[in-house]
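> Chains as they are written, first to last, in my numbering: chain A, 462 to 844; chain B, 462 to 844.
Fair warning: there could be bad hints in the mix.
Copies of the same chain are indistinguishable here, so a pair counts whether it falls within one copy or spans any two.
Derived lysine to aspartate or glutamate pairs resembling DMTMM-like cross-links, with alpha carbons at most 25 Å apart [said to hold, decoys possible]:
id: 1; residue 1: K521; residue 2: D802
id: 2; residue 1: K581; residue 2: D800
id: 3; residue 1: K521; residue 2: D780
id: 4; residue 1: K724; residue 2: D834
id: 5; residue 1: K521; residue 2: E778
id: 6; residue 1: K724; residue 2: D596
id: 7; residue 1: K581; residue 2: E702
id: 8; residue 1: K724; residue 2: E838
id: 9; residue 1: K521; residue 2: D725
id: 10; residue 1: K793; residue 2: E759
id: 11; residue 1: K521; residue 2: D710
id: 12; residue 1: K793; residue 2: D596
id: 13; residue 1: K521; residue 2: D800
id: 14; residue 1: K581; residue 2: E759
id: 15; residue 1: K581; residue 2: D725
id: 16; residue 1: K521; residue 2: D596
id: 17; residue 1: K581; residue 2: E778
id: 18; residue 1: K724; residue 2: D650
Hints listed in this document are in silico derivations from the structure and should not be mistaken for laboratory results.
2 protein chains.
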Amino acid sequence: MSVTAAQGFTAAGIAAGIKSNGNPDLALVVNNGPRLAAAGVFTSNRVKAAPVLWSEQVLKGGQVSAVVLNSGGANACTGPQGFQDTHATAEKAATVLGLNAGEVAVASTGLIGLLLPMDKLLPGVETAAAQLDEDGGEKAAIAIKTTDTVHKTAVARGDGWTVGGMAKGAGMLAPGLATMLVVLTTDADVDSAALDGALRDATRVTFDRVDSDGCMSTNDTVLLLASGASGVTPATAAFAEAVRAVCDDLGRQLIGDAEGASKDIRIDVVGAATEADAVEVGRSIARNNLLKCAIHGEDPNWGRVLSAIGTTSAAFEPDQLNVAINGVWVCKNGGVGEDRDLVDMRYREVVVTADLAAGGESATIWTNDLTADYVHENSAYSS
Amino acid sequence: MSVTAAQGFTAAGIAAGIKSNGNPDLALVVNNGPRLAAAGVFTSNRVKAAPVLWSEQVLKGGQVSAVVLNSGGANACTGPQGFQDTHATAEKAATVLGLNAGEVAVASTGLIGLLLPMDKLLPGVETAAAQLDEDGGEKAAIAIKTTDTVHKTAVARGDGWTVGGMAKGAGMLAPGLATMLVVLTTDADVDSAALDGALRDATRVTFDRVDSDGCMSTNDTVLLLASGASGVTPATAAFAEAVRAVCDDLGRQLIGDAEGASKDIRIDVVGAATEADAVEVGRSIARNNLLKCAIHGEDPNWGRVLSAIGTTSAAFEPDQLNVAINGVWVCKNGGVGEDRDLVDMRYREVVVTADLAAGGESATIWTNDLTADYVHENSAYSS
């Protein structure tokens, strides 16, 4: 499955020694063609890691023949040396694989502000290249984990073609994009412009609507590579839907594995005047620490939902707002609604529905609760 | 001290039975003149509590003769009945004290979405009126506490005149305003327009720059009442400075008592192109949960500062950013700076200095760390 579910791709995941605990930390994904089409979206953080700056340049050409990914270090805020290290990583992969370095994307994840141990990373590229395999997708997905407790893969199958992918991400998840590394592959015969359209449409309604902790990374990278190996060119809509489905699946897995989380929270904003209003309100609710604590405590504290809605510029009247928690409309017309004791919050998934009563548009944002475990995981050691 | 430090004011604080634990929950502050000048600033949340809607109307007249404050219930999201209850509270105080209800401000704090027990609150107003005292400021300050562990008062003395005040607030602290109830009093002989100017100038650089948890309340109220009892009209600048000093002192006390906090964090943004840029960057840093966890863990994780700066629209170049933690410039020119092991974070106050290297403007934002205690306090029971 993973990035080798589609024909035309090989992958590997190894332990290069970048992580001090000896866990896998280097992944390699290679597109064996015949096509080398690619598209990518990157963090909108203005402080971008060296591999993001590099890969943005690579993607401008619309061709990617290989991707080198490492965990154990983000190579962000590392200055000219950091960029040189990314360049050297691409050059190394190009030399070993007989490719053009300008078609090798690089992605890194881990602690910001540390130079990568290139004496381990570069030999690791060589080792990974020697282990490239048509079934290597699973190992590649494992090698990009940081604080992830599980590796994340997904696949969608069309008529004779496949879209597969892997993702990592567990903290610093917020729109623009959610913080993550994602590589999607397909054997559909699609050019880079079509890939770009499908990928942007998909990320806008999936990864961009995952908001674990409101923190935006310096390293977000989502790549979509097409080998064309199936020889099939799918209908635009069918291909777009497959890419969206894989992104949606991976996005849900990111939330499900968010640092310290005990609840997955789906925020459905309905009755909005515009989709942008719905997204703004959903994000405001998703980032409300007090609400996230209340949901952790299985307390249907709808007042915190209203106070979050009130900070937005969306169209609504305060005395027409309605809020349901797990289907119980605890707030009606901006005031007390159904009995809050009717709300059952025992299960992991919690659905908050905010009805702005201002139109027919809607959006869904995913987040999770705020827990003592999140605090522990992000205070007890550097990450 | 507190609201009775200035001449011309009496106050009381009693237990009316609004709080189920029997703690003090009702405060009354009366301006005995000869002036009744007043100014107020209120939450910018669009979901406003009934007492905010009421008091905004009262303040339009520029005269306030009394303020009734209660803890134990916010009277927010309570519909027409909630507004009627606030109105009845003002009417009750007016009847008991022989005042005009249109000059009685009301402020409430506590859980959102519950109607106040008026059968306890109205008799409480009568009890409090009977206990009004020139030394009642301390008791009033105690009666407005919610999750506050200490009551908060401050005073500044001019030449023959005084500004005093009380505040409550421990969570849901964020700009626009910080979530709080504050009553300031002065015996200076100042009209309502001058009070309004001094108050807005002061809150803009004090309460508006306190950001505990990024959550904005429905009930924020800051009132400044002048009795004129000193007979002295201070110079505009001296009066403004006294009001600012009292607001600054109270704002610091709010942060010092923030829910679950173990560190007070001062964020100095310097080298900004504009003050607005400095404030935007400071707030973005103050709201970064990952950084707040790191500081809790005494980890000088400057990468999280840079990733927060990167989400803003302020003028800066990523490779020119500098960050100091407790005076050690751990990030220089967007990369690794001085040795992070030199940073001593044992003490309660932590100073994060972010130099945008883009101009000469600056701003300071106060926040606190994110702790398991904050999660516990906001998940274990409704607040």
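> If a hint holds in the structure, say so; if it does not, say that too.
These are the hints, each one checked on the structure:
1. K521 - D802: This pair counts as neither: shortest intra-copy Cα distance 55 Å, inter-copy 41 Å.
2. K581 - D800: Answer is between; shortest inter-copy Cα gap is 23 Å, intra-copy 60 Å.
3. K521 - D780: between (50 Å within a copy, 23 Å between copies)
4. K724 - D834: Classified as both; 12 Å inside a copy, 19 Å across copies.
5. K521 - E778: Classified as between: cross-chain Cα gap 23 Å, same-chain 45 Å, threshold 25 Å.
6. K724 - D596: neither (33 Å within a copy, 50 Å between copies)
7. K581 - E702: neither (40 Å within a copy, 60 Å between copies)
8. K724 - E838: both (16 Å within a copy, 18 Å between copies)
9. K521 - D725: neither (36 Å within a copy, 45 Å between copies)
10. K793 - E759: within (20 Å within a copy, 44 Å between copies)
11. K521 - D710: Cα proximity of K521 and D710: none, with 27 Å in one copy and 54 Å across.
12. K793 - D596: neither (53 Å within a copy, 44 Å between copies)
13. K521 - D800: Classified as neither: same-chain Cα gap 56 Å, cross-chain 37 Å, threshold 25 Å.
14. K581 - E759: So K581 and E759 fail the 25 Å test inside a copy (46 Å) and across (30 Å) alike.
15. K581 - D725: neither (38 Å within a copy, 41 Å between copies)
16. K521 - D596: The answer is neither: 29 Å in one copy and 73 Å across copies each exceed 25 Å.
17. K581 - E778: neither (59 Å within a copy, 31 Å between copies)
18. K724 - D650: neither (40 Å within a copy, 56 Å between copies)
Hint compliance for this structure: hints 1, 6, 7, 9, 11, 12, 13, 14, 15, 16, 17 and 18 are broken, all remaining hints hold.
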